[in-house]
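Asks: Next come the chains, spelled out residue by residue.
Number of protein chains: 2
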Amino acid sequence: MERRMVTCTAPVNIALIKYWGKLDEDLIIPLNSSLSITLHQESLRTTTTVAWYEHDSSIRMWLNGEELDVDANLRIRFVLDELRSRSRPEFRNLGFRIASVNNFPTAAGLASSAAGLACLVYTVAELIQYKETFPGELSSIARRGSGSACRSLDSGFVKWNKGSLVDGSDSVAEQIVDDMYWPEVRILVCVVSDQKKTTSSTKGMRNSVESSELLKYRALSIVDDHITAMEEAIKRMDFNTMARLTMKDSNQFHAVCLDTEPPIFYLNETSKAIISAVEEFNAYSNQEDINELSNLMLRCFPPRLSAAEVDSSSPSIIGRDEPSKPLSAAGEHVLGKVGTRENSVQYFIKTRAGPGPLRMSDTSHLLDSESLEPKT
Amino acid sequence: MERRMVTCTAPVNIALIKYWGKLDEDLIIPLNSSLSITLHQESLRTTTTVAWYEHDSSIRMWLNGEELDVDANLRIRFVLDELRSRSRPEFRNLGFRIASVNNFPTAAGLASSAAGLACLVYTVAELIQYKETFPGELSSIARRGSGSACRSLDSGFVKWNKGSLVDGSDSVAEQIVDDMYWPEVRILVCVVSDQKKTTSSTKGMRNSVESSELLKYRALSIVDDHITAMEEAIKRMDFNTMARLTMKDSNQFHAVCLDTEPPIFYLNETSKAIISAVEEFNAYSNQEDINELSNLMLRCFPPRLSAAEVDSSSPSIIGRDEPSKPLSAAGEHVLGKVGTRENSVQYFIKTRAGPGPLRMSDTSHLLDSESLEPKT
Numbered sequence: 001m002e003r004r005m006v007t008c009t010a011p012v013n014i015a016l017i018k019y020w021g022k023l024d025e026d027l028i029i030p031l032n033s034s035l036s037i038t039l040h041q042e043s044l045r046t047t048t049t050v051a052w053y054e055h056d057s058s059i060r061m062w063l064n065g066e067e068l069d070v071d072a073n074l075r076i077r078f079v080l081d082e083l084r085s086r087s088r089p090e091f092r093n094l095g096f097r098i099a100s101v102n103n104f105p106t107a108a109g110l111a112s113s114a115a116g117l118a119c120l121v122y123t124v125a126e127l128i129q130y131k132e133t134f135p136g137e138l139s140s141i142a143r144r145g146s147g148s149a150c151r152s153l154d155s156g157f158v159k160w161n162k163g164s165l166v167d168g169s170d171s172v173a174e175q176i177v178d179d180m181y182w183p184e185v186r187i188l189v190c191v192v193s194d195q196k197k198t199t200s201s202t203k204g205m206r207n208s209v210e211s212s213e214l215l216k217y218r219a220l221s222i223v224d225d226h227i228t229a230m231e232e233a234i235k236r237m238d239f240n241t242m243a244r245l246t247m248k249d250s251n252q253f254h255a256v257c258l259d260t261e262p263p264i265f266y267l268n269e270t271s272k273a274i275i276s277a278v279e280e281f282n283a284y285s286n287q288e289d290i291n292e293l294s295n296l297m298l299r300c301f302p303p304r305l306s307a308a309e310v311d312s313s314s315p316s317i318i319g320r321d322e323p324s325k326p327l328s329a330a331g332e333h334v335l336g337k338v339g340t341r342e343n344s345v346q347y348f349i350k351t352r353a354g355p356g357p358l359r360m361s362d363t364s365h366l367l368d369s370e371s372l373e374p375k376t
Numbered sequence: 001m002e003r004r005m006v007t008c009t010a011p012v013n014i015a016l017i018k019y020w021g022k023l024d025e026d027l028i029i030p031l032n033s034s035l036s037i038t039l040h041q042e043s044l045r046t047t048t049t050v051a052w053y054e055h056d057s058s059i060r061m062w063l064n065g066e067e068l069d070v071d072a073n074l075r076i077r078f079v080l081d082e083l084r085s086r087s088r089p090e091f092r093n094l095g096f097r098i099a100s101v102n103n104f105p106t107a108a109g110l111a112s113s114a115a116g117l118a119c120l121v122y123t124v125a126e127l128i129q130y131k132e133t134f135p136g137e138l139s140s141i142a143r144r145g146s147g148s149a150c151r152s153l154d155s156g157f158v159k160w161n162k163g164s165l166v167d168g169s170d171s172v173a174e175q176i177v178d179d180m181y182w183p184e185v186r187i188l189v190c191v192v193s194d195q196k197k198t199t200s201s202t203k204g205m206r207n208s209v210e211s212s213e214l215l216k217y218r219a220l221s222i223v224d225d226h227i228t229a230m231e232e233a234i235k236r237m238d239f240n241t242m243a244r245l246t247m248k249d250s251n252q253f254h255a256v257c258l259d260t261e262p263p264i265f266y267l268n269e270t271s272k273a274i275i276s277a278v279e280e281f282n283a284y285s286n287q288e289d290i291n292e293l294s295n296l297m298l299r300c301f302p303p304r305l306s307a308a309e310v311d312s313s314s315p316s317i318i319g320r321d322e323p324s325k326p327l328s329a330a331g332e333h334v335l336g337k338v339g340t341r342e343n344s345v346q347y348f349i350k351t352r353a354g355p356g357p358l359r360m361s362d363t364s365h366l367l368d369s370e371s372l373e374p375k376t
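If you're matching them up, the sequences are chains A and B in order.
Residue numbering for the first sequence is 1 to 376, as defined by full-length UniProt numbering.
Residue numbering for the second sequence is 1 to 376, as defined by full-length UniProt numbering.
The shape of chain A in the complex, shown without the other chains (with noise of 0.2 Å):
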């Protein structure tokens, strides 16, 4: 048979709405359904490649050039063998040697994981030439491997509808508007500590749904309102609703953790003084140029590394060697009350909304065709 490799990369995305809560925690059925906006893989993205391996049904893996210990990866073996039970009956015995690489570093809370289970589900899709039976297949086995990795199948701003059905297969991503919809909208990340969260998201979820009485609440009865009122303002492209309701649900998740038996500390005094320096910001007057925002953020919190000393090669990474530019009077007037922190903040990524995942060519395999292992 022919050697089949295939090489994808598949976007970050980012919540505007929180998913926080499993109902079903093999299942990954969320408590609340959840939206995102897919950050442009121009920054941020994993590149994976796929290729079958025909001698045995063995999986080989490698993540940022470290083989990774697959047996032990229930969430991966899964997704796998998911796949390959739908693929053509001739393929079913056959192994994967997969290489995945992620330009930006792992631990700056981007949702590497998201990024990564998403860019393999669609790279080993494509592999088998797997088309959908339903929409939102390939998201609903991108789901089961890290939740959130569902809603970076698709382009612009995704919605994860929880779902009614109980195994789950109703619990799929879906495309509000594509990234060409509302083509101004800008995102400025603020990596504020390059460290491992001192809570994992599974682990915080789980105390959370056992002990948080807030986060019953916001599931059942307010996390559908902010997802109506999110959809109703990108399609009608109103930034003020967008950014406050944005706001609003961020501070609310946050709050929940902290509802948590014990409490779940997400935010430090950088993330909140970022947090009052936008509102601040916003509410001077109605500021809608990134250009102001990133300028102004530079000046109040001065990150700590270069761009060069970031490791990764998105072009999108704005460091300690950006050129200081002059600040509007809504700038003048938040750094008046904000203050400057020297590095507290890490480095910034600017952004915008891109596509869903991308085939390459043939050129960009991560593995070599012969050893099938990491080009070096």
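Just so you know, the hints here were simulated from the structure itself, not pulled from any lab data.
Incorrect hints may have been included.
A pair counts as met if it fits within one copy or between any two copies, since identical chains are not told apart.
Here are the simulated BS3-like pairs of lysine-lysine, each with C-alpha atoms no more than 27 Å apart in a straight line [stated by the list, open to error]:
{"#": "1", "residue 1": "Lys196", "residue 2": "Lys337"}
{"#": "2", "residue 1": "Lys131", "residue 2": "Lys337"}
{"#": "3", "residue 1": "Lys337", "residue 2": "Lys216"}
{"#": "4", "residue 1": "Lys375", "residue 2": "Lys325"}
{"#": "5", "residue 1": "Lys203", "residue 2": "Lys337"}
{"#": "6", "residue 1": "Lys131", "residue 2": "Lys197"}
{"#": "7", "residue 1": "Lys337", "residue 2": "Lys197"}
{"#": "8", "residue 1": "Lys350", "residue 2": "Lys272"}
{"#": "9", "residue 1": "Lys216", "residue 2": "Lys272"}
{"#": "10", "residue 1": "Lys350", "residue 2": "Lys325"}
{"#": "11", "residue 1": "Lys196", "residue 2": "Lys22"}
{"#": "12", "residue 1": "Lys197", "residue 2": "Lys22"}
Model the placement of chain B on the given structure of chain A, informed by the hints.
Replies: Below, chain B without anything else, positioned relative to chain A:
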């Protein structure tokens, strides 16, 4: 007529179940009931002297030696007018001269206005020899001065019932058990900051009532259960349940603050580290010894100030000069996990439950009996 002068002291109280949000801003009717512990006056107290002034109905008042603009303080005027109107007819047109001192710094987050208003109401009531016409009547007057002041009129554990009458007349404090019922309880106050809060309680509550979806749910559907469980825990002297509920409710209060637009941040990095340290300490084993805990806190958070440097005459201050003592196994475990943060705490106050307001002897008067101005 005889010159009459009375001096009383009143305690600080600390909420175990928090008051946050007013149903009626003018009448100070709370959205939810709350429950507090009255701290012992050997540690923290307000002392207030009130004298009649025979020449006219004027009011002058000194707080910590500085004269207040009483005309500008509607809450104090209201409380004094309310009590004066209930005095014997021949006293109704007399004035007041008032001196009040706290034995602790005003901005340490110890609810000095609660102790102050409770002391003012109690002292004036003693002066006019006022007997309550229903239980909690004085607490309802103190409430109009400063909401949680109503809880400082009783000893031990005190509940502030939100009440159900539109005039607020049944929104009164009620004792659960007195300070002798459970004498082993100790309180360690960690004064993290001696700066004024960035958002006042009044403004913060108003913003939360207007914007927090979680506050409504908390006030209507959660707090009553917390109060019932807390009352039962106190009555059966169940320390673990009391401690767990206290932290749960406190974290939930901070969660509601975060869910407010704009978000209110009352917890800083040090507060969060203290919470985590205590969670670790309690998780290691059932630790009920305040000395173990205070030894640990002194090691994890060596205070910035010595007892002499704190603007306080309280004998319960634990400062930088407190000798270090060996840690228990639990303490060593937590210190290893949490580490040491120099100068992040200002000082500690170690105390216990105590009595309600007390009448002092005539030798305690803060006003000169001739000039009716503060003694120097």
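Asks: Are the hints correct? Go through all of them and say.
Replies: Structure-based check of each hint:
1. Taking CA atoms no more than 27 Å apart as the test, Lys196 paired with Lys337 passes between copies only; the shortest distance there is 16 Å, against 31 Å inside one copy.
2. In the homo-oligomer, the alpha carbons of Lys131 and Lys337 never lie at most 27 Å apart, since the shortest distance is 55 Å inside one protomer and 51 Å across protomers.
3. Taking the shortest Cα distances, Lys337 and Lys216 never come within 27 Å of each other, neither inside one copy (37 Å) nor across copies (32 Å).
4. In this assembly of identical chains, Lys375 and Lys325 lie within 27 Å of each other by CA distance neither inside one copy nor across copies; the values are 42 Å within and 59 Å between.
5. Proximity of Lys203 and Lys337 under a CA criterion of 27 Å is satisfied inter-copy only: 19 Å between copies versus 37 Å inside one chain copy.
6. Taking the closest pair of Cα atoms, Lys131 and Lys197 never come within 27 Å of each other, the shortest separation being 37 Å inside a single copy and 59 Å across copies.
7. Proximity of Lys337 and Lys197 under a CA criterion of 27 Å is satisfied inter-copy only: 16 Å between copies versus 30 Å inside one chain copy.
8. In this homomeric assembly, Lys350 and Lys272 come within 27 Å of each other (Cα to Cα) only inside a single copy, at 20 Å, whereas the closest approach across copies is 31 Å.
9. Both within a single protomer and between protomers do Lys216 and Lys272 lie at most 27 Å apart by alpha-carbon distance, with minima of 25 Å and 24 Å respectively.
10. Taking the closest pair of Cα atoms, Lys350 and Lys325 come within 27 Å of each other only inside a single copy of the chain (16 Å); across copies the shortest separation is 52 Å, beyond that limit.
11. In this assembly of identical chains, Lys196 and Lys22 lie within 27 Å of each other by CA distance solely inside one copy; the values are 22 Å within and 40 Å between copies.
12. For the identical chains of this complex, Lys197 and Lys22 are intra-copy neighbours only, at 19 Å inside a copy versus 37 Å across copies, given an alpha-carbon limit of 27 Å.
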